[in-house]
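*Asks:* Heads up: the sequence lines are chains D and V, in that order.
All residue numbers in the first sequence are consecutive under the working numbering, ending with 281.
All residue numbers in the second sequence are consecutive under the working numbering, ending with 562.
Hints listed in this document are in silico derivations from the structure and should not be mistaken for laboratory results.
Mixed in with the good hints, there may be bad ones.
Unchecked claim - Label-pair distances were calculated between CB atoms; the ranges are:
1) ARG244/D to GLY383/V: 42 to 52 Å
2) THR92/D to GLU539/V: 38 to 48 Å
3) SER324/V to ASP267/D: 47 to 57 Å
Cβ coordinates follow ideal geometry from the N, Cα and C atoms, glycine included.
Protein chains: 2
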Amino acid sequence: MLGSHADLRVGAGDDCAVCRIPKLGLDQVFTTDPIIEGVHFQSLENPERIGNKAVGRVLSDIAAMGAVPQWMLVNVVAPPTLEFQILEKVYTGMGALCERFGAPIIGGDVARGEKLELHVFGTGLLPQGSALLRSGAVEGDAILVTGPLGGSFSSGHHLDFVPRVDEGVFLRETGWVNAMMDLSDGLATDLRHILNQSGVGAALYSEQIPVNGSVEAALFDGEDFELLLMASDQNVKKLQELWRQRFSRELPVIGRIEGSVGDVRLDGGFIESKAFEHFSR
Amino acid sequence: MLGSHADLRVGAGDDCAVCRIPKLGLDQVFTTDPIIEGVHFQSLENPERIGNKAVGRVLSDIAAMGAVPQWMLVNVVAPPTLEFQILEKVYTGMGALCERFGAPIIGGDVARGEKLELHVFGTGLLPQGSALLRSGAVEGDAILVTGPLGGSFSSGHHLDFVPRVDEGVFLRETGWVNAMMDLSDGLATDLRHILNQSGVGAALYSEQIPVNGSVEAALFDGEDFELLLMASDQNVKKLQELWRQRFSRELPVIGRIEGSVGDVRLDGGFIESKAFEHFSR
Numbered sequence: 001m002l003g004s005h006a007d008l009r010v011g012a013g014d015d016c017a018v019c020r021i022p023k024l025g026l027d028q029v030f031t032t033d034p035i036i037e038g039v040h041f042q043s044l045e046n047p048e049r050i051g052n053k054a055v056g057r058v059l060s061d062i063a064a065m066g067a068v069p070q071w072m073l074v075n076v077v078a079p080p081t082l083e084f085q086i087l088e089k090v091y092t093g094m095g096a097l098c099e100r101f102g103a104p105i106i107g108g109d110v111a112r113g114e115k116l117e118l119h120v121f122g123t124g125l126l127p128q129g130s131a132l133l134r135s136g137a138v139e140g141d142a143i144l145v146t147g148p149l150g151g152s153f154s155s156g157h158h159l160d161f162v163p164r165v166d167e168g169v170f171l172r173e174t175g176w177v178n179a180m181m182d183l184s185d186g187l188a189t190d191l192r193h194i195l196n197q198s199g200v201g202a203a204l205y206s207e208q209i210p211v212n213g214s215v216e217a218a219l220f221d222g223e224d225f226e227l228l229l230m231a232s233d234q235n236v237k238k239l240q241e242l243w244r245q246r247f248s249r250e251l252p253v254i255g256r257i258e259g260s261v262g263d264v265r266l267d268g269g270f271i272e273s274k275a276f277e278h279f280s281r
Numbered sequence: 282m283l284g285s286h287a288d289l290r291v292g293a294g295d296d297c298a299v300c301r302i303p304k305l306g307l308d309q310v311f312t313t314d315p316i317i318e319g320v321h322f323q324s325l326e327n328p329e330r331i332g333n334k335a336v337g338r339v340l341s342d343i344a345a346m347g348a349v350p351q352w353m354l355v356n357v358v359a360p361p362t363l364e365f366q367i368l369e370k371v372y373t374g375m376g377a378l379c380e381r382f383g384a385p386i387i388g389g390d391v392a393r394g395e396k397l398e399l400h401v402f403g404t405g406l407l408p409q410g411s412a413l414l415r416s417g418a419v420e421g422d423a424i425l426v427t428g429p430l431g432g433s434f435s436s437g438h439h440l441d442f443v444p445r446v447d448e449g450v451f452l453r454e455t456g457w458v459n460a461m462m463d464l465s466d467g468l469a470t471d472l473r474h475i476l477n478q479s480g481v482g483a484a485l486y487s488e489q490i491p492v493n494g495s496v497e498a499a500l501f502d503g504e505d506f507e508l509l510l511m512a513s514d515q516n517v518k519k520l521q522e523l524w525r526q527r528f529s530r531e532l533p534v535i536g537r538i539e540g541s542v543g544d545v546r547l548d549g550g551f552i553e554s555k556a557f558e559h560f561s562r
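Sequences and hints are given; from them, build the entire structure.
*Replies:* Written as structure tokens, this is what we have:
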């Protein structure tokens, strides 16, 4: 039959849901993210950047599986008083990022509401069984990160970031990555998702974490939209070398998978989670 | 490559976007619909029914293509003051309808906002090239409708309706349907979409339109979520007979494709559009 439940491989709890496309050797990934005025952005001064962020968050989720972006749909909720030119610029920002990664906006709807909201739905494709999940980290794995963390709100990076789509596909294709996710809620919080789903612990080395500002900012600020990944220790040097050849920058090791389930140690001491609660923002 | 633009067969302007899944002989359809407190429903007294409506609208769009529902994702925006029990009942209503049609909710997100909103995204599958579009109506076609129209808001049908998924698949499989859409904005408005996209006109016969209340209600109330379809005149009697065998009810002919592009005549006289504007509701 078309689309049975048996084709659902990974449901809620990872960056995307993963569904088998039978007989084709492919899996399809699905994700959705809302961004809301006053919650995820504060003013309408930079409408193109708001559009970039809305689409970028979804592309970042797709990147975190190692998938190739495919299709996007967008629901817009807008106040009746919103100037059409503002909305047009939001679409310009969304369209530019979609075009860059070859994932056109193929549908959506517009409705009236009190605040501007963008609900972006996205799909992606990858070879079957190859999605990089949060549950794949193994004792002894190296922990790596694709770029500097922290200060995203003050620098504007949370609006301007480029999702790590090319990097995600590259990392998946090496075959050396055991687990991956994108960093949206801060390293300390997001790492814990991987640890809990993989049933492992982690040790981080503060001097090796690439930071914009302090280590605390890197751990807790959030919205970095870099990829966090675990790879077998024996492949790390090869992985870093191929990475440098491809992207002309570093892929630093920031820690190691070890210790009790869910524990995060920083330079030997425990750190507490400051969970980023959607409802309390 | 995975998911190129060339695979997009139908974009915005139909009930769903239609994308080719290369090499598999299938097309995948995509749609999304928001429902918002104060716009699409007035109070939270019937949370299960609000959930039914949110998912039902999307399943109705999928049905309108003749597709088999596949996957659903839901973004929920909720005020911090909303009781958890209310939200749980909304999910119960959504889940019941998803289960009935074999399309599980595989993802989504929750965010804070001032009004309750449900943004449902759905996909479906069907054999390649078989989607029933708005652009396929041909001069001389009979116009048919799957059930009674009008009075949806006063009767509560707009919350309780069952999307015509089984009917849509049946109609597509006959091979006799040239064009189809679901009726959400009222017969007069929705028919015009088909006429404009097909480059044809229509004559309706008021005595043959199945109504809940007046013919005017059938034409203008909206939110009926029945299917409106066009079939070659020569196949109509066979179509109606197979339909009665399968569904034990009538599939009435309510008019005919004829006349100038975009014109809608009722018993020989022209009727005007009362366009249902999303922004003016």
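*Asks:* All hints, please: hold or fail.
*Replies:* Hint by hint, here is what the structure shows:
1. The given range of 42 to 52 Å is respected by ARG244/D and GLY383/V, whose C-beta atoms sit roughly 48 Å from each other.
2. At roughly 43 Å, the beta carbons of THR92/D and GLU539/V sit within the given window of 38 to 48 Å.
3. Taking the beta carbon of each, SER324/V and ASP267/D are about 55 Å apart, inside 47 to 57 Å as hinted.
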